[in-house]
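Asks: If you want the building blocks of each chain, they are given just below.
2 protein chains.
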Amino acid sequence: MKLRTSATSPYARKVWIVAFETGLADRIEAVPTNVWDPATDVIHDNPLGKVPALIADGGEAIYDSPVICEYLDSLHDGQKLVPPAGGARWTQKRLEALGDGILDALLAKRVETMMRPEDKRWPVWIERQEAAAARGLAQLEDEVAGWGDTFLIGQIAVVAVLGYLDFRFPDLDWRARYPALAAWYAVLSQRPSVAATVPVA
Amino acid sequence: MKLRTSATSPYARKVWIVAFETGLADRIEAVPTNVWDPATDVIHDNPLGKVPALIADGGEAIYDSPVICEYLDSLHDGQKLVPPAGGARWTQKRLEALGDGILDALLAKRVETMMRPEDKRWPVWIERQEAAAARGLAQLEDEVAGWGDTFLIGQIAVVAVLGYLDFRFPDLDWRARYPALAAWYAVLSQRPSVAATVPVA
Numbered sequence: 001m002k003l004r005t006s007a008t009s010p011y012a013r014k015v016w017i018v019a020f021e022t023g024l025a026d027r028i029e030a031v032p033t034n035v036w037d038p039a040t041d042v043i044h045d046n047p048l049g050k051v052p053a054l055i056a057d058g059g060e061a062i063y064d065s066p067v068i069c070e071y072l073d074s075l076h077d078g079q080k081l082v083p084p085a086g087g088a089r090w091t092q093k094r095l096e097a098l099g100d101g102i103l104d105a106l107l108a109k110r111v112e113t114m115m116r117p118e119d120k121r122w123p124v125w126i127e128r129q130e131a132a133a134a135r136g137l138a139q140l141e142d143e144v145a146g147w148g149d150t151f152l153i154g155q156i157a158v159v160a161v162l163g164y165l166d167f168r169f170p171d172l173d174w175r176a177r178y179p180a181l182a183a184w185y186a187v188l189s190q191r192p193s194v195a196a197t198v199p200v201a
Numbered sequence: 001m002k003l004r005t006s007a008t009s010p011y012a013r014k015v016w017i018v019a020f021e022t023g024l025a026d027r028i029e030a031v032p033t034n035v036w037d038p039a040t041d042v043i044h045d046n047p048l049g050k051v052p053a054l055i056a057d058g059g060e061a062i063y064d065s066p067v068i069c070e071y072l073d074s075l076h077d078g079q080k081l082v083p084p085a086g087g088a089r090w091t092q093k094r095l096e097a098l099g100d101g102i103l104d105a106l107l108a109k110r111v112e113t114m115m116r117p118e119d120k121r122w123p124v125w126i127e128r129q130e131a132a133a134a135r136g137l138a139q140l141e142d143e144v145a146g147w148g149d150t151f152l153i154g155q156i157a158v159v160a161v162l163g164y165l166d167f168r169f170p171d172l173d174w175r176a177r178y179p180a181l182a183a184w185y186a187v188l189s190q191r192p193s194v195a196a197t198v199p200v201a
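Quick mapping for you: the protein sequence lines, in order, are chains A and B.
Residue 34 in full-length UniProt numbering sits at position 34 of the first sequence, and the numbers go up by one each step.
Residue 64 in full-length UniProt numbering sits at position 64 of the second sequence, and the numbers go up by one each step.
Hints are computed from structural coordinates only; laboratory data are not their basis.
Glycine residues also receive a C-beta, built at the ideal position from the N, C-alpha and C atoms.
Wrong hints could be hidden among the right ones.
[Stated by the list, open to error] One side of the interface only, derived from the structure: several residues of chain A facing chain B at Cβ under 7 Å:
no., residue
1, Leu48
2, Gly49
3, Tyr63
4, Asp64
5, Tyr71
6, Trp90
7, Arg94
8, Ala97
9, Gly101
10, Lys120
[Unchecked claim] Each computed DSS-like pair below joins lysine-lysine, with the alpha-carbon atoms no more than 30 Å apart:
no., chain 1, residue 1, chain 2, residue 2
11, A, Lys109, B, Lys120
12, B, Lys120, A, Lys120
13, A, Lys80, B, Lys80
14, A, Lys109, B, Lys109
15, B, Lys109, A, Lys120
16, B, Lys2, B, Lys80
17, A, Lys109, A, Lys120
18, B, Lys109, B, Lys120
19, A, Lys2, A, Lys80
[As the list claims (entries may be wrong)] Only part of the chain B face toward chain A is listed, based on derived beta-carbon distances under 7 Å:
no., residue
20, Pro47
21, Leu48
22, Gly49
23, Ile62
24, Tyr63
25, Val67
26, Arg94
27, Ala97
28, Gly101
29, Lys120
30, Trp122
31, Arg135
32, Gly136
33, Gln139
Whole structure, please, built from the sequences with the hints as guidance.
Replies: Spelled out as structure tokens, the structure:
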């Protein structure tokens, strides 16, 4: 398999954590991809122009990140990271969607405050993204005590969120605002799949 | 069940089409929700502030739209709209992600060109969204001949895309650019679940 990926993408990080947790990382060839390069050829694999995009051994392209994660999870016989059915499935898929949605808001804020020309920034939009991310993080802070040692696709998405905050918003001081999440992340950061996938510029 | 929904949301439309196709629509109470209302209480069910969000009979909130669609599909014994396993599953989930990604680009373009103050619009961003949507639609145009009579979650997402183009971008004349999709949609538009869910302002 080939994976269109980027060392800065939190969505791609989810896929790599799944790959490491399931023992599949060695079967995946990373294809570093800069989606902001006007000449990027990622559009041949994903017309949306985004990473991650997986090219399966049969040549079929698979995206977006929730679909890739579940596809990889179908390729091994160990403990499933995406529960196959029942209440645990919807709890985990909802948590993954919450993590991905927080990331969407953080990325929208980053585009608005870092990439867009200064005179074209719209404070209303920045505040909307900040509010969505803050509500999402507050929800995670409420839920984290109930996770125990569970480390499935939902928690993997949360790791991607918290790592992205450290990477792109170091001034936010999220640990002071969300101390229970901070304590959880301090433990999880030791996990090999998490430590091996810290974003780098 | 309750569904936070909007008659203008293409993502909510996917959920309703699934509900009608699976015979579950009568079990769902619609809660009309305007996510742009500053006082919206949708954030109590979905901290991301988006629709659709489903509140299951047990009280648990479920989102985003791919998760809700698959949850509903787990509640009936008829033909599954999200294939449970195998190649068909990844083909359909990838097609759904492509449809949702085209919608994301179209919505981003709409926010930029209709909601954002005129002096704060960034042509680079508008062109980026237009290019992503156009590449995605060209991919659908290439694929549509292979679908035959298949009407599963991927095709449902495509219906949401094409209906959204009619609803929000009537000047785009997408039928002239994508004639195979137009012919497919003309047939599908007769389907009761599609006809019952046409967006209204």
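Asks: Could you tell me which of the numbered hints above are not met by this structure, giving the numbers in increasing order?
Replies: none
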